[in-house]
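Residue numbers (this note's numbering), protein chains in the order written: chain F, 5 to 434; chain Z, 5 to 434.
Possibly wrong hints are sitting among the right ones.
Copies of the same chain look alike in the list, so a pair counts if it works inside one copy or between any two.
Stated by the list, open to error - The list that follows gives simulated cross-link-like pairs (lysine-lysine, DSS-like), each with its CA atoms no further than 30 angstroms apart: (1) K195 to K74; (2) K74 to K42; (3) K74 to K205; (4) K205 to K42; (5) K42 to K195.
None of these hints come from the bench; they were simulated from the model.
There are 2 protein chains.
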Amino acid sequence: MGTGDALPHVVIVGGGFGGLSAAHALRRLPVRVTLIDKTNHHLFQPLLYQVATAMLMPGQIAAPIRQVLKSDQRASVILGEVTRVDTGSCTLSVATPDNQMDVAYDFLVIATGVQHSYFGKNQFAEFAPGLKTMPDATMVRNRILEAFEAAEAEPDEAQTRGLLTFVLVGGGPTGVEMAGAIAELARLTLKEDFRRIDPRKARIILVEAGPRLLANFDASLSQSVAERLRRMGVEVITGRAVEDIDENGCRVGGEFIESKNVIWTAGVAPSPVAGWLGLPRGKVKVRYDLSVPGMPDVFVIGDVAYYEQDGKPLPGVAQVAMQMGEHVARVIAARLRNNAPPSPFVYFDKGNMAVVGRNFAIFERGSIRFSGFIAWLIWSMIHVLSLALPNMRMGVFLQWVWAYFTEQRGSRLIVDPKNFSKPESTVRSA
Amino acid sequence: MGTGDALPHVVIVGGGFGGLSAAHALRRLPVRVTLIDKTNHHLFQPLLYQVATAMLMPGQIAAPIRQVLKSDQRASVILGEVTRVDTGSCTLSVATPDNQMDVAYDFLVIATGVQHSYFGKNQFAEFAPGLKTMPDATMVRNRILEAFEAAEAEPDEAQTRGLLTFVLVGGGPTGVEMAGAIAELARLTLKEDFRRIDPRKARIILVEAGPRLLANFDASLSQSVAERLRRMGVEVITGRAVEDIDENGCRVGGEFIESKNVIWTAGVAPSPVAGWLGLPRGKVKVRYDLSVPGMPDVFVIGDVAYYEQDGKPLPGVAQVAMQMGEHVARVIAARLRNNAPPSPFVYFDKGNMAVVGRNFAIFERGSIRFSGFIAWLIWSMIHVLSLALPNMRMGVFLQWVWAYFTEQRGSRLIVDPKNFSKPESTVRSA
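Given only the sequences and the hints, what does the whole structure look like? Please build it.
This is the structure in structure tokens:
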């Protein structure tokens with residue numbers, strides 16, 4: 005395989021924020037790096053809700069992992085899914101598009117993130133899609149846009165109401181951001197597009213089982229987000245759980261809400277890393293150097309890692325994953341030089357944000373808190389600058405400026421993936 | 005349904021170049037217009053090959069039909085598929101996303117275009133996808149990009165060669181444009197992205213059964229296109245038919261070419277309009293006013309219409325469809341005023357173009373012919389300006405400028421539509 009075959013081999017599983025950050029930091033070390041991901045792109049998850057609500061195009065928030073790492077000659081990329089980890093022989097089994105291969109490692113960095121969880125009620129999945137991957141986002145976009153189309157063609161009034169009712173299950177950042185974005189889609193973008201229905205009359209309902217939205221933020225910010233959403237015409241329900249979901253809607257606190265558009269923005273669960281390592285199910289508790297206890301060459305970082313700081317587990321956010329990726333590179337550097345390990349991993353919180361439609365976001369860092377237009381400008385700037393490639397930054401920036409002034413959206417495509425063009429039928433030619 | 009219910013009702017089936025052009029031209033008349041399309045977007049088909057080769061994002065060449073027609077209060081849009089036409093009662097049956105509806109018309113304009121045809125060999129469809137709809141384009145993009153990924157992970161040399169061989173079946177404009185684009189993707193964009201394979205060594209083969217490429221152009225231009233393609237490393241085979249296609253490749257003139265990427269860029273067949281109207285299968289022969297013989301209120305325009313001029317049938321190109329759409333509006337205007345019908349439809353040919361990668365295109369109009377860089381600039385300009393919405397023009401223009409200087413492409417996403425995120429398994433939680 006050319007130069008570098010003799011160098012220690014670091015295998016990273018997962019091309020999200022943690023995995024890419026580790027790959028970048030390892031560039032400075034005398035190691036070969038192989039990054040394995042199930043998809044060919046690094047997804048900028050914080051803006052996935054904007055794809056789901058037709059603001060951005062998929063390609064604008066997805067960077068080909070190869071392109072991101074192309075200038076690093078010692079890094080290679082494999083598109084494939086890890087099916088097994090053998091920590092004894094230090095080997096991974098990987099299913100590639102057409103084949104299967106074994107990959108030996110000297111150091112293993114697992115950064116596979118989370119998937120969504122219906123808390124054991126997987127029968128909800130059919131009626132209430134979640135939002136984690138790009139296909140999820142385009143499917144949710146299809147459903148939202150198609151609901152307006154179906155309503156325009158629906159003679160029955162009760163059916164029309166169900167089609168124009170959107171329920172977001174879960175009042176975390178995704179639920180809040182989706183609610184604000186759907187409200188703007190209905191009240192601004194689509195307001196003149198239909199002749200029979202008035203999209204502005206769409207009901208948007210955000211349901212949170214806990215006592216308030218955005219439980220990770222201070223209560224005063226939760227309060228101002230709820231107020232902002234209500235002013236945008238979103239019905240905010242807290243303290244009531246979604247008890248059931250079917251094709252006609254959902255039951256919330258005993259009351260049935262008719263809705264053809266229930267979207268799951270609630271729980272997440274770690275990807276099945278623990279199973280690979282023969283550990284109990286759930287997040288993987290890591291040591292101060294982010295290695296797995298008893299497996300000094302295996303590191304787990306990001307959302308799938310469990311690490312306590314100041315007596316509390318670190319949250320599953322991009323910043324934690326990125327800082328962990330950098331820390332792992334420092335640990336590996338020390339090992340290669342036979343140095344003492346660096347001091348334990350400490351997460352430095354640069355602050356936490358959430359956004360509600362145009363012109364409003366909240367910011368919190370320790371006791372610094374503010375909300376409103378300035379926070380929204382900062383949110384926008386940070387998100388544009390955090391995109392992985394310069395053309396993505398330019399694309400998203402221009403898209404947002406254009407959308408801000410026109411109230412239009414970038415990508416209102418309904419594309420049914422099953423709707424390939426059918427070839428001319430041979431039966432009828434007979 | 006508010007204002008205008010008493011006005012004559014023109015129903016247009018199909019939101020392509022012909023249908024939209026008719027809708028725009030009818031805006032000036034005292035009529036209600038309803039446009040019915042299976043998709044919610046007007047697809048700019050001449051650039052579909054750029055989506056299939058990862059240059060442009062789907063949203064950049066697809067305009068929501070509602071957005072295009074929103075300012076016309078007398079025009080409404082239905083997302084649905086026509087299932088039946090009853091010319092006796094002047095009614096269409098339409099399947100909408102959630103329902104079924106009947107639509108009565110005073111005038112009917114059918115502009116449903118073509119689908120691709122395997123000339124009776126539909127078993128080819130599985131191995132050689134065609135390129136007509138957006139899902140087709142993203143599927144072909146997935147396949148092309150995934151072939152490079154699979155090759156990178158493939159230990160067997162013969163298999164790798166098959167994965168890196170691309171065969172385009174059919175040397176019309178789509179085949180020529182795809183061949184040029186795949187050559188650039190492999191030789192420029194991807195050249196530094198892989199570690200085991202060299203994407204520049206990909207074989208790209210363009211097969212045309214007839215004696216030369218681009219039969220609609222003058223032989224001298226066919227010649228310069230073939231030369232250009234060969235200089236870009238494309239193998240051009242003419243005068244030999246593709247006899248068979250299976251999962252391992254295709255047989256061309258008795259010789260089997262191993263290829264995992266056979267793409268169908270050959271024949272087209274009209275959509276099943278003739279069946280709706282109880283006419284013999286194929287294109288619908290229309291009268292001088294584009295109406296169907298014996299059905300004065302039913303017009304057929306665009307690729308699905310058969311109309312001879314100077315003893316030859318008009319070609320299936322956007323310009324013909326657009327001019328026919330405008331003509332139908334003139335015919336309807338004359339009918340409404342009880343005027344004599346306008347003079348018979350005459351197609352005015354503004355010229356015909358095709359493009360081969362960057363920096364090279366051909367132009368022909370009557371005896372005016374030229375090829376090269378200037379033709380390419382004109383091609384680029386015309387295509388940018390022809391896009392339906394201003395943001396699409398800006399988006400495609402910036403994308404092309406950026407791509408021209410960086411040799412990168414806009415949208416290298418592999419998105420398997422089946423790959424929704426899986427919720428946490430309930431089985432394993434037991």
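* Check each numbered hint from earlier against the structure, then list the numbers of those it violates in ascending order. => none
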